[in-house]
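These protein sequence lines map, in sequence, to chains A and B.
Take 195 as the starting number for the first sequence in our numbering and just add one per residue.
Take -8 as the starting number for the second sequence in our numbering and just add one per residue.
Keep in mind that the hints are not guaranteed to be accurate.
Calculated cross-link-like contacts (lysine to aspartate or glutamate; reagent style EDC-like; alpha-carbon spacing at most 20 Å) [said to hold, decoys possible]:
1) A:K571 x B:E165
2) B:K76 x B:D92
3) B:K123 x B:D134
4) A:K386 x B:E165
5) B:K52 x A:E424
6) A:K573 x B:D120
A short, non-exhaustive set of chain B residues, derived as facing chain A with CB atoms under 8 Å [claimed, not checked]:
7) V39
8) M54
9) V58
10) I87
11) N88
12) Y118
13) G119
14) Y121
15) K123
16) P127
17) D168
18) R261
Hints listed in this document are in silico derivations from the structure and should not be mistaken for laboratory results.
Backbone N, C-alpha and C fix where the C-beta goes; we use that ideal spot for every residue, glycine too.
Residue-level listing of the chains:
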Amino acid sequence: MGYPHPSHPGEQPLLSKYFGDPGARSYEGWVKRGGYESLRKALGMTRDQVTEEVKASGLRGRGGAGFPTGLKWSFMPKEVTRPHYLVCNADESEPGTFKDREIMRWTPHQLLEGCAIAAHAIGAERVYIYIRGEFTAEYRILLEAVEEATRAGALGADVFGTGRRIEVIVHRGAGAYICGEETAMMNSIEGKRGNPRIKPPFPAQAGLWACPTTINNVETLGSVPHIIREGGAWYKGLCRGNPKSTGTKLFSVCGHVQRPGNYEVVMGTPMKDLIFGMCGGMRPGRTLKAVIPGGSSVPILTAAEIEDCQLDYEGVAARGSMLGSGGMIVMDDSTDIVYQVMRLARFYAHESCAQCTQCREGTAWTTRILERILAGKGKPEDLELLLDLADNMTGKTICVLSDSCAAPVVSAIAKFRPEFEAYLNRTRPPVLATA
Amino acid sequence: MSSDLVSVTIDGVVVQVPKGTPIIEAAKQAGVLVPHYCYHPSLPSPAVCRMCLVEVEKAPKLMPACVTTVADGQVVHTDSEQARKARTGVLEFLLINHPLDCPICDQAGECELQNYVFQEGREGTRYGDYAKRYNPVEDFGPDVLYVANRCILCTRCVRFMDDVAGTPVLNVSERGDRAYIGIDQDQLLDHPWAGNVVDLCPVGSLVSKDFLHKARAWDLDKTASICTGCSQGCNIMIDTRDNTVVRLRPRPNMEVNRHFMCDHGRMNYRWMNRGDRIEAPLVRSGDRHVATDWDQALDLVRGLVGQAGPAVILASGGASLESLGMLKGMLAGRPLTAAVQVPLADAEAPLAGVPNLALRKERAANGEGARLLGYSMEWDPAVKVAGKAALVVLLDVALTDAEAAVVAGAGAVVVLGTIESQALAAARVVLPVTNTAEEQGTFVNRDGRVQRYEQARSAPGMGRPAWWIAAEVQGAAAATPAEAFAQVAAAVTGLAGMTYADLGVTGRMLRGASAAGSRV
């Protein structure tokens, strides 16, 4: 549902079915809507059975990387010799992405149920939901939901009388984008500075407090109850011919569309259907110029490139970008691409954790060059310099924040070079006063 | 053992290294130094500087050599075009905000940024139009200044305080290119081992107030030595400029002090430069001492030594094994009481992250060596005996007024000294001796490790090592420190047969002593 708009017939509301329905927020309301049945069912299954079901569904991580969820769970040790942890990544901070917030806002129990099932599958007794610090309302909603669910026995020391202990702790972030990176998140939960860790060791070997840990996105975990309820095979059937990308996906569409919002569609839906159908297309008199399809960290696509682009992991990758988080930033022909790229770079420069040299210095330098170009003080060699810096910033750091800053720069220069050149040869007036 | 070894090829050189070795260490075996900043063999590796990225065949991207462990059959290229470009890129990024104030920076000449930029950095800057990041200099504590502008955020200092000192007062503050090293509120960098952050800093960001603007690195002469601050026996370098000791720094010895030394030891060098030295042999003439030459002075001592009657040696616990041993040999045949003076502190100051490493209570370098040679630690009784002895030999000790008065009661007093002292007044003969920085010798540390130190500066005036004096009195019994050591060692269980060559630069355990922590 493109809340607050009415649901579009092209959507397949699964996670978003109760968006806008305040009655679904309480424990009772959720149970009335069939909630927690999947958890009861999962508790009657073995760890392996649950994992296999999720593997069969083809569910892939919805946070951005698209790693198969069941496979990730299967990396957890079979024998529980040390505490196992589940971390739910609710630190939704990717510019252009606002799907997890809606899940938590309207259907907190959908998430808690998914968390409990996943915790069961990986042998964890404790779940940390790491929620973005700015999500104050959602934080309170989650806290209340945890309390309700615990009171009702759906969480706690003895879940539904099965003897299974599943506790949920809602942990607030303090405003750092980088804490959405899974290893930085674990550091943050441990009370340390949110710096990404080197991998290996991978979280399933040594994660939170050096214990086996699985980190899943809110939307991923929210999908799990549906898979358990209806079966992996059913979920796998939710696709348009590409068995590698299955299920439904929430797309947060923002920018120059008539109806921005969250849209849940089956994987493989044409991008044009989403943008021009469900979202109502461009504002009157405007044409589509570019789309950043998967949150700010992925390469920009031109209008031509999204022709016949399918919204699934492979489809977007085939166009040279990534499905990412599904945060879709749509830009019409009024957009100044150079300015937009500068804004993104400035964001990454602000959010760099400062560990790796290339990221710490490169993001800031990239921003300064883009600001200089926009101020009409660019130099002819600036584009080559930007590309060279981007090359030095790509694939060389602990996490991908540096790469994420470089990707939009590289793709924008490749695809919209004349716009940069217009600033460089002074045919376009400067838009920044100083640089 | 061979099953635990893996074979890797680094820049065409095949080396066998133990499983789990990081590539950067394996490369050293192959004779290749991979440029790096954040990596340090005595600290955990965060792989943040990204300077040590190397090409590993079959890996999808460049790998940090500091945390990537070797695999059998691995082929590594540290100097491929890709790896070089990555390093040049890192150097450029590090330099954009670096002040390049090398002419006034203490680190210049021993700066890893300077060295690597010189080696493979870009010739010019592409950042010229922007102002560099500026942060004021911060006073971190007793001896450490933080020059934020020079900082490359390698975090070695933070990790030292966190993981080695166990006193996490330093941190990385702020984010992005605004980041700098911060110190916790109301905290000082006053840990007894905090000075190591200055050595660890690969650039001139953490500097020692004591050494500030004292010397340029290229004007320093460096001499391997042993710290005289306590019985731990940390291996050190004595840095001298124009024959003056200006700085002590730790010298790596994995068995003793790894890469560290404490601040007490680090600051314990000013006495080496003292100007009020005894510079010539002095003999008593009436109520005053007059300078003479070695021949006359030695003749006089030979006469005193040749007499009968009980003799006493009161020596410094910081005297070398050679001097203590030869001195005893000189008085062999007479009833002899020998004791060393070892100042005792109230408490130890351990370095939490390194086993068996602390600033020890025994604040003398060679107490253990003295014990081996049969010297007593019972100082006061020995002083009392000295008051009634026929001959007292004092070796570089500082007596209190009361002790000096007691010793004056002896038949004859011979002083082998470095500086003027109370005991001089009563002395028949005063002989100028060298201090630790001015001679070669050996100490035995508290764990039984026999370690050599080298001569770092020339002795003032006519000063000679005490062992040489003792040897001359005995008719040139030894002509070199090595001969003196061999002679002294021959008589001691655990030392017998050991030679200077055996000791090398990191020392050797006494036979029968266990390698680590015999007296933890």
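Hint by hint, here is what the structure shows:
no.: 1; hint: A:K571 x B:E165; verdict: violated, 29 Å
no.: 2; hint: B:K76 x B:D92; verdict: violated, 25 Å
no.: 3; hint: B:K123 x B:D134; verdict: violated, 27 Å
no.: 4; hint: A:K386 x B:E165; verdict: holds, 14 Å
no.: 5; hint: B:K52 x A:E424; verdict: violated, 41 Å
no.: 6; hint: A:K573 x B:D120; verdict: holds, 11 Å
no.: 7; hint: V39; verdict: holds, 4 Å
no.: 8; hint: M54; verdict: violated, 10 Å
no.: 9; hint: V58; verdict: holds, 6 Å
no.: 10; hint: I87; verdict: holds, 6 Å
no.: 11; hint: N88; verdict: holds, 7 Å
no.: 12; hint: Y118; verdict: holds, 7 Å
no.: 13; hint: G119; verdict: violated, 10 Å
no.: 14; hint: Y121; verdict: holds, 6 Å
no.: 15; hint: K123; verdict: violated, 11 Å
no.: 16; hint: P127; verdict: violated, 19 Å
no.: 17; hint: D168; verdict: holds, 4 Å
no.: 18; hint: R261; verdict: violated, 39 Å
The structure fails to meet hints 1, 2, 3, 5, 8, 13, 15, 16 and 18 from the earlier list, while all remaining hints are met.
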